[in-house]
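Numbering (our numbering), first residue to last: 1 to 247.
No false leads were slipped in.
Taking lysine to any residue pairs in the SDA-like style, the calculated list, with each CA pair at most 20 Å apart, reads:
#1 K128 - P149
#2 K55 - G14
#3 K159 - D45
#4 K128 - M166
#5 K55 - V16
#6 K65 - D42
#7 K124 - L112
#8 K185 - M211
#9 K6 - M127
#10 K65 - D83
#11 K55 - V76
#12 K65 - V19
#13 K65 - D26
#14 K65 - S111
#15 K55 - C18
#16 K159 - P149
#17 K124 - F179
#18 K163 - R123
#19 K163 - D42
#20 K159 - I130
#21 K65 - C18
#22 K163 - D33
#23 K183 - P213
Pair by pair, the computed Cβ-Cβ distance ranges are:
#24 D117 - P213: 26 to 34 Å
#25 P134 - G34: 35 to 43 Å
#26 E142 - A241: 49 to 57 Å
#27 G36 - P61: 20 to 28 Å
#28 D117 - D244: 38 to 46 Å
#29 P193 - D117: 31 to 39 Å
Simulated from the structure, these hints should not be mistaken for laboratory data. The beta carbon of each residue, even a glycine, is placed where N, CA and C say it ideally should be.
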Amino acid sequence: MDIDLKHVGPVGNGYVTCVSIYSGPDFDYGLGDGPGTALWIDNLDDAYGVLQEFKEWFENPNHLKVWHNYGFDRHVMWNEGIDVQGFGGDTMHMARLEDTSRMVTGRGGYSLEALTDDVLGRRKVPMKEIFGVPRLRKDGSEGAIVDIPPVEVMQRDPKHRTKWIMYSCYDAEGTYLLFHALKEKLEKMPWIPRAMDGTFLYLYQYYHDYMRPFGEVLTDMERRGIRVNAKDYLANIEVQARQDRVH
1 MDIDLKHVGP
11 VGNGYVTCVS
21 IYSGPDFDYG
31 LGDGPGTALW
41 IDNLDDAYGV
51 LQEFKEWFEN
61 PNHLKVWHNY
71 GFDRHVMWNE
81 GIDVQGFGGD
91 TMHMARLEDT
101 SRMVTGRGGY
111 SLEALTDDVL
121 GRRKVPMKEI
131 FGVPRLRKDG
141 SEGAIVDIPP
151 VEVMQRDPKH
161 RTKWIMYSCY
171 DAEGTYLLFH
181 ALKEKLEKMP
191 WIPRAMDGTF
201 LYLYQYYHDY
211 MRPFGEVLTD
221 MERRGIRVNA
231 KDYLANIEVQ
241 ARQDRVH
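Build out the structure end to end from the sequences listed, making use of the hints.
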């Protein structure tokens, strides 16, 4: 990680500590655990560089991958020298298309925790509940404030490591299940009439044909950046905006 999102974005900032992949209940990774398990890739310390063994797969546009918050994950993968291709979908984007009012109707918003709880009835336990450490008071007793250790600590510390791996893989499985649940919902939501026969095209087709490729274009734009003439154009616009505000 090594990134403070309050001050910087993921383009050129942060690194990947681990990756978890889930390919469905029938897929077997061939590691002796049978089908329906997740693949967890360590990328810290002695394991640093293992992620590069999967570079070809991540960059293959024929292998579709589904993410939650692709705009973040693709950038930190780029920081590792991996240009992710094969964008199969983003469950955050799909959830916004399915219901744009989640933030104001009490449905919890668009985080993976909120969506898996609301859509799947499969609550993702927050990190604070699993890994939280009470902050000590001056007298040495535990206070009410709970801190979450850095990601690297949770991954390295034997006390947290197993729970961290399970937490990470639970996210991957939750994203898989959420994708299929949202896909089913969008496939039942009319988009535009197909023809005069009264049938419709549905919102999943709109997502697949338009929002999905646009989501990838947006990450390309974020990576490249957009030139802004801050010295002349923005300065003049600011003057005009202040004048308009007076009136």
